[in-house]
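Asks: As a plain string of letters, each chain reads:
Protein chains: 4
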Amino acid sequence: MNAVAEFSVIPLGVGVSLSPYVAECERVLQERGIKHLLHANGTNIEGEWDELMEAIKECQTRMHEMGVPRIQTSIKIATRIDREQTMAEKVESVKEKLTKE
Amino acid sequence: MNAVAEFSVIPLGVGVSLSPYVAECERVLQERGIKHLLHANGTNIEGEWDELMEAIKECQTRMHEMGVPRIQTSIKIATRIDREQTMAEKVESVKEKLTKE
Amino acid sequence: MNAVAEFSVIPLGVGVSLSPYVAECERVLQERGIKHLLHANGTNIEGEWDELMEAIKECQTRMHEMGVPRIQTSIKIATRIDREQTMAEKVESVKEKLTKE
Amino acid sequence: MNAVAEFSVIPLGVGVSLSPYVAECERVLQERGIKHLLHANGTNIEGEWDELMEAIKECQTRMHEMGVPRIQTSIKIATRIDREQTMAEKVESVKEKLTKE
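Protein chains in written order, with my numbering: chain H, 1 to 101; chain Z, 1 to 101; chain E, 1 to 101; chain X, 1 to 101.
Same shape as in the complex, but just chain H (with noise of 0.2 Å):
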């Protein structure tokens, strides 16, 4: 099951610098060979289902073993059965009703 998701980690415990455990979770998806998008609210990612858990999953284990003792996550994640569609088809998709006005 192919997914179109969005991840993005709150580390508590840590101060109020987050950067470097994004950073770290970067990595790990750099690692795994997952497409992925940084932006200024999360992390856009896609792929198979399971693949991505895990890269989520990873990534949380990884921030506790760098001394955090507590993580929120939140993550979005789209399925479709209807047609196959990726990260950057969903924004053109946008685009062009923009520029159709």
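In short, the hints are calculated from the structure, not lab data. Note that the Cβ used here is the ideal one computed from N, Cα and C, for glycine as well. Treat the hints with care, since some could be wrong.
[Said to hold, decoys possible] In silico SDA-like pairs for lysine to any residue, Cα to Cα no more than 25 Å straight-line:
hint, chain 1, residue 1, chain 2, residue 2
1, Z, Lys100, E, Gln30
2, E, Lys97, Z, Glu65
3, Z, Lys100, E, Met87
4, X, Lys90, H, Arg62
5, Z, Lys35, E, Met87
6, H, Lys35, X, Leu38
7, Z, Lys57, H, Glu26
8, E, Lys95, Z, Thr99
9, H, Lys95, X, Ser19
10, E, Lys57, X, Asp50
11, E, Lys35, Z, Thr99
12, Z, Lys57, H, Glu89
13, Z, Lys95, E, Leu37
14, Z, Lys100, E, Glu89
15, X, Lys57, H, Val94
16, E, Lys95, E, Asn2
17, Z, Lys90, E, Val28
18, E, Lys57, X, Asp82
[What the hints assert, rightly or not] Just the calculated beta-carbon pair ranges, DEER-fashion:
hint, chain 1, residue 1, chain 2, residue 2, range
19, Z, Lys95, X, Lys100, 39 to 47 Å
20, H, Pro20, Z, Asp50, 23 to 31 Å
21, X, Glu89, Z, Ser17, 24 to 32 Å
Use these hints to put chains Z, E and X onto chain H, whose structure you have.
Replies: Just chains Z, E and X now, with coordinates in the frame of chain H:
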């Protein structure tokens, strides 16, 4: 890794009534013996990370089998290694603060 | 425009205990007379869109006044114009489906 | 109070194609001159809390006017008082950590 989570599914392309699909997800949780609490904006669950994620995936799969072409799911999942904390304890902890004053 | 919503606040830079801040948000809701239900992963609220959003903003402001340097808040908010539906009715609607089978 | 936010709207009861509605929300943001970035799982926005929330509300209202009976919107909104931080700076901050190693 123990987790406290919440998920909500939004089936698209099947009209405005979501309850048959949410009910199917409740059945998945019951069948799997996962502690869960349905509320107005999602379902709270607690247990092992993998158990929770597999249940959410089965819920997604079953909804597609019911004919839902597209599903948007949102998940909040929290882990902590400093101490164990159940869903009930999270609520209790806030209520204590409220009654103290 | 009536809405059913859920919000959860994550204060950063104040350690791992979130309950004092969640409790403060509960007080905001009580003071404003907004119907609310605290659960393990957030607080459900219902009422006029503007009332709900103002309450969430006050909650955010008060947490900063308590000394929280950074806050991540997540909100789900749902509106429908086909019919009215309260939080209680949303849950009831799923439970009916469950008992029918 | 300045905020960095993300929102995504899910119209129900209008089939599986969401792009016309997301496009309408993009128009709202353009008309209001709010800095925004559309991505595969939502739209990132930044500005004054009230400006952002009013834009999201107008987006919701317009979608109902387009005939959408039911809408589920999810919002992440973050504020910080320790320092200012734009959306671009949030991403930059993670990228610096990545290239350092």
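Asks: Now tell me, hint by hint, if it's right for this structure.
Replies: Here's how the hints hold up against the structure:
About 15 Å separates the Cα atoms of Lys100/Z and Gln30/E, which keeps this hinted pair within 25 Å; it holds. Taking the CA atoms of Lys97/E and Glu65/Z, the gap is about 18 Å. The hint holds against a cut of 25 Å. Restraint check: the Cα-Cα separation between Lys100/Z and Met87/E comes to about 28 Å, which exceeds 25 Å; the hinted pair is violated. For the suggested pair Lys90/X and Arg62/H, the alpha carbons sit about 21 Å apart, so the restraint of at most 25 Å is met.
As the CA atoms of Lys35/Z and Met87/E are separated by approximately 21 Å, the hinted pair is consistent with the 25 Å bound. Distance hint between Lys35/H and Leu38/X is fulfilled; the C-alpha atoms sit about 18 Å from each other, no more than 25 Å. Taking the CA atoms of Lys57/Z and Glu26/H, the gap is near 24 Å; set against the 25 Å cutoff, the hint holds. Restraint check for Lys95/E and Thr99/Z: the C-alpha separation of about 32 Å exceeds 25 Å, so the hint is violated.
About 8 Å separates the Cα atoms of Lys95/H and Ser19/X, which keeps this hinted pair within 25 Å; it holds. For a cut-off of 25 Å, the pair hint linking Lys57/E to Asp50/X stands: about 9 Å separates their Cα positions. Only pairs whose Cα atoms come within 25 Å are accepted, and Lys35/E paired with Thr99/Z is accepted, the gap being roughly 18 Å. Proposed proximity of Lys57/Z and Glu89/H is supported: the alpha carbons are some 24 Å apart, at most 25 Å.
In summary, the hint linking Lys95/Z to Leu37/E is supported, as the alpha carbons are separated by about 12 Å, within the 25 Å threshold. Proximity of Lys100/Z to Glu89/E is assessed by CA-CA distance (about 33 Å); at most 25 Å being required, the pair is judged violated. Note on Lys57/X and Val94/H: the hinted pairing holds, with a Cα-Cα distance of about 20 Å set against a maximum of 25 Å. With a C-alpha separation of about 23 Å, the suggested pair Lys95/E and Asn2/E falls inside the 25 Å cut-off, and the hint holds.
Using a Cα cut-off of 25 Å, the hinted pair Lys90/Z and Val28/E holds, with the two alpha carbons roughly 19 Å apart. Our distance criterion of 25 Å between C-alpha atoms is met by Lys57/E and Asp82/X, whose separation comes to about 18 Å. Against the hinted window of 39 to 47 Å, the Cβ-Cβ separation of Lys95/Z and Lys100/X comes to about 44 Å, which satisfies the hint. Separation of Pro20/H from Asp50/Z is about 26 Å and conforms to the stated range, judged on CB atoms against 23 to 31 Å.
Between Glu89/X and Ser17/Z the beta carbon distance is about 43 Å. The supplied range of 24 to 32 Å is therefore violated.
This entry does not satisfy hints 3, 8, 14 and 21, going by the numbered hints stated previously.
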